[in-house]
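Protein chains: 2
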Amino acid sequence: MGFTRSRFLGGKPSKAPLLLPFLLTVLLVGSQGDGGAMDNGATERIAEESHRQDSAYLLIFIMLLTLTILTIWLFKHRRFRFLHETGLAMIYGLLVGVILRFGIHAPQSMSDVILSCAVNGSPATLLVNVSGRFYEYTLKGEVGQGKGHQVQDDEMLRKVTFDPEVFFNILLPPIIFHAGYSLKRRHFFRNIGSILAYAFIGTVISCFVIGLIMYGFVSFMKVVGQLGGDFYFTDCLFFGAIVSATDPVTVLAIFNELKVDVDLYALLFGESVLNDAVAIVLSSSIVAYQPAGDNSHSFEAMAMLKSFGVFLGVFSGSFALGVVTGVVTFTKLRDFPLLETALFFLMSWSTFLLAEACGFTGVVAVLFCGITQAHYTYNNLSPDSQDRTKQLFELLNFLAENFIFSYMGLTLFSFQSHVFNPLFIVGAFVAVFLGRAANIYPLSFLLNLGRKNKIGYNFQHVMMFAGLRGAMTFALSIRDTATYARQMMFSTTLLIVFFTVWICGGGTTPMLSFMSIPVGVDSDQDNARRSTKHESAWPFRIWYNFDHNYLKPLLTHSGPPLTATLPACCGPLARCLTSPQAYEEPKFANFCFNNVYRGGQETGTTVSAYGLVLGILSKLID
Amino acid sequence: MGFTRSRFLGGKPSKAPLLLPFLLTVLLVGSQGDGGAMDNGATERIAEESHRQDSAYLLIFIMLLTLTILTIWLFKHRRFRFLHETGLAMIYGLLVGVILRFGIHAPQSMSDVILSCAVNGSPATLLVNVSGRFYEYTLKGEVGQGKGHQVQDDEMLRKVTFDPEVFFNILLPPIIFHAGYSLKRRHFFRNIGSILAYAFIGTVISCFVIGLIMYGFVSFMKVVGQLGGDFYFTDCLFFGAIVSATDPVTVLAIFNELKVDVDLYALLFGESVLNDAVAIVLSSSIVAYQPAGDNSHSFEAMAMLKSFGVFLGVFSGSFALGVVTGVVTFTKLRDFPLLETALFFLMSWSTFLLAEACGFTGVVAVLFCGITQAHYTYNNLSPDSQDRTKQLFELLNFLAENFIFSYMGLTLFSFQSHVFNPLFIVGAFVAVFLGRAANIYPLSFLLNLGRKNKIGYNFQHVMMFAGLRGAMTFALSIRDTATYARQMMFSTTLLIVFFTVWICGGGTTPMLSFMSIPVGVDSDQDNARRSTKHESAWPFRIWYNFDHNYLKPLLTHSGPPLTATLPACCGPLARCLTSPQAYEEPKFANFCFNNVYRGGQETGTTVSAYGLVLGILSKLID
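Just so you know, the sequences run in chain order A and B.
Note that the first sequence covers residues 1 to 622 in UniProt numbering.
Note that the second sequence covers residues 1 to 622 in UniProt numbering.
Take these hints with a grain of salt, some might be off.
According to the in silico footprint, chain B covers these stretches of chain A (three or more CB under 8 Å from chain B) [to be verified]: (1) 165-176; (2) 392-405; (3) 546-552.
I should point out that these hints are in silico values taken from the structure, not numbers from a laboratory.
The C-beta atom is built at its ideal place from N, Cα and C for all residues, glycine as well.
So here's chain A without its partners, still in its complex pose (with noise of 0.2 Å):
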């Protein structure tokens, strides 16, 4: 085998991919460099021309979101609300992407000739044997039957339309552990029982209200004859699955600035962030039934299991990865805050994949990882470091969420496929609307049996109406579009996400004044009056005590020292495991943390086994 040059050779002669006003001088150069016919030692220079186009393509974007950033600097210079970055973001999308579709119509040339020849089958590899020479294929995917012709026009839109796979396991991973990382977590888990509530239940609900909405729309269509290809059950499900995971970034980005009531907040924010995680589970359960069709009874009872076994899988797993990482930063790796940056953020990285290698749910890994790593490990890191990653994961979430919304607005005409049905779209604005309601209203009355901080009508409105679809919506959308269904799904969630993005989070801040939500609230302070009331829910408060005697002195340099919180019989083993910061140290943090849960200290359990050993290996590390 005697290549690895595996850079795409599709020489195409760039006719002005680039009509933005920077980029001019690119059109002129890049125009000149003819691919010409494929003779031998032409293959070099078609690859340099290929190179010079992908670097135009990663220009394009990387121009869009300077653009965006500009504007956004604009608006927040003149302090202008009513449009958030991402939307701003995905309307320069869209014009890039008309711009692309219309302005630019690449002419054909000989290198794209092709060739059809029978076989029977389709291998993943494919060897051509030209006059004596052989060259590999590598399979791309089906295309659609009598469109063979189409293939060479659509060359340019199809490099811009990148492989989903970079939203897995490059874009996403840092939204969601920056999210993990930089959550309120007091707040979080005052409200547990209802995020939870919201996130599991509430996404289930959705999910198969509007999937069973769906389903009648699809039936009725097919009655008036305008489904133009199969959709089952498991299809109008799957669609349920995507389009109930909300989105945390635009709502929250305005709730952020302007201070809203911290429980608001903390409740949309719970419940965007597992949602996500509920969503992918979910969809991925329904996919893995698929093919039996429209038989949906016996997916339901196994899917419900599955999911489950996975998340609890998933959380156990990077719980205990976080944990490891904490053990790892334990030891001098202060002392080098790069080094300990640099292994913080892969570690991070790892989670995600090792989940996604394993099978597990990469995303709901990476968000618990960064709870996690923000609880714990953020305790061991040095003061250099703890600026660091944060500003590191602040850089990497605001780039990636612009980078996804601008290519929102980018694929809605450069994506080749789009399959847009009025009647399903009308269908799908009706269900999701519908399922929103079926989740927030009912749940919140059942909650509110419960709750002794009621959640209040307004507040019930307000998570109604910023039930935002975003990102997440979009890439499990993007992932699979190989058929008919999923292809009208994808067009019908790209203008879901528009409309909400656009409509919902634009009026966003005039839905807070008209519904009376108090803003400009202090959480700190806020949260320093309610702290003392004992709100949260009995198994969290004994693991709060756990966690604070236990876990937090074993794991962290932070806490009360073991000596203080063992039984006096353990007294050996508590001094060779409590860092000696910790006597030096009593944070402000910890002292609120001992008034409010100061009951439980009695409780004197000892530390499991697991963490024993973790704790006698890390301190010999030390």
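Since the structure of chain A is provided, determine the placement of chain B on it from the hints.
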């Protein structure tokens, strides 16, 4: 065209691609999901399996990096200096390569059966008709004759050996930018004459010396019958160009740690950074004239001209881009450090991409962009962003560097078509040694005729010894491995890199003490002592004055106000163009600068029309 599923559908059951201890879990889970035959509904499962594999491969690299970081920390902690982190990364890469190569045998699977069909041409896209369904294939490259049967065995190894584009578009830019951004400009510019001589004349000398010696060896090999394919004179020159690029990473990390004499540091650093740029331009010029075979006469003059033109174009282009960035950050963006950092990052990267898209050399552009950004833009950034950008590029540089080096180790075993020819390898080592000597010693002799502070013999020996080959040599050689000549070059280059990084890199510390080079020099003190001497050549002094009196005040918030430096007649214009901050902040650096270059202050040149327009624009925005 009914798809965008461009994921690679090579669904092979992943029988244990991972033998690292960490990954046992992956191994157990990953081997369960068998791809099975490619029936209609199974593509989803195959795609999922492929996604799982991709994650696992990425995970291998992340784990390699993690392992490297931990060992680096151990080394730093124990003050062990004989093996640098890059050498270490290579060793780990080697080990994993061995495991992947010999430890794992992927079983054959139905979905990889390879079919040959004869067509007359090798188009970039191929449509295959399989019982009425069309599948699209893309060209991957040419396969060596008679090696067709090996293709499926190497699937896994090929997946690990990924696209060279990634090196050029993703991994190299941060390394080179960081080199420019963290450049100690004062020391660099003081020795600019010598650095340019070594980098330009020296690299060309080295390239031709190595090329000629290799041509001798190759001719000898042809006579002896040791040569298995074509090897033209241009191939020899190409080899000379790529192995002439010395690597700034390894040696300079050691120099930095030991605080070696600043002049030696500046010489070596400047040479090896500019070196890379020259080697790229040289090698691409040679490739451009490659088809003419061994007709070397027409090549020389043209290539030189072209290289010179490209270099000038790139320099002015990247300078202009850097200035534009400076103007942009002029605005009140400094109130939003996140936006500022993101913009800074994107502008730097887009410089690279823009240059590549224009057919220039991105590395050169991004290097000078880094220098310009550090000189102008850095002064306009908010203090928060100054820290952020420094730390960000430090981290990116660190990760990219270690990734490249561990990847180098990996390719020694994972690359499929190595050609190790003992005679060629011996010849290459001799040629590289002689080429380096022909660069350093004669040039140093000539330079010493003009220099006030001579380059001593001990300096020359260290420069000779410290000419490591690293990332750039590797990236250039892996870029095209289609022909026999290129494969032999790639394998040999790999060995040269290993040898120089381990032996020369490891021997730097002993070498320094053996040559009695002063270490532990405080660069600032040393600088203050020398900067009063007017050591720079006169064209640079004029430039300094112009820069300090006009460009800096025009483009940044620092420097003396233009009202003081421009002649009185330009008064109103000067007031309009000077930033209000310039009047307020008499900075220490400017004060020093003023002392040194006061001589030129009388020269009352007016600012260029270009600068005026930019400046006015920026004031209007401000």
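Outcome of the hint check:
1. Three residues within the 8 Å Cβ limit are the bar, and the segment 165-176 of chain A against chain B gives 3, so the coverage statement holds.
2. Requiring three or more residues with a Cβ within less than 8 Å of a Cβ of chain B, the coverage given for the segment 392-405 of chain A holds, as 5 such residues are present.
3. Given a C-beta distance limit of less than 8 Å, the hint that chain B covers the segment 546-552 of chain A is violated, as 0 residues qualify and 3 are needed.
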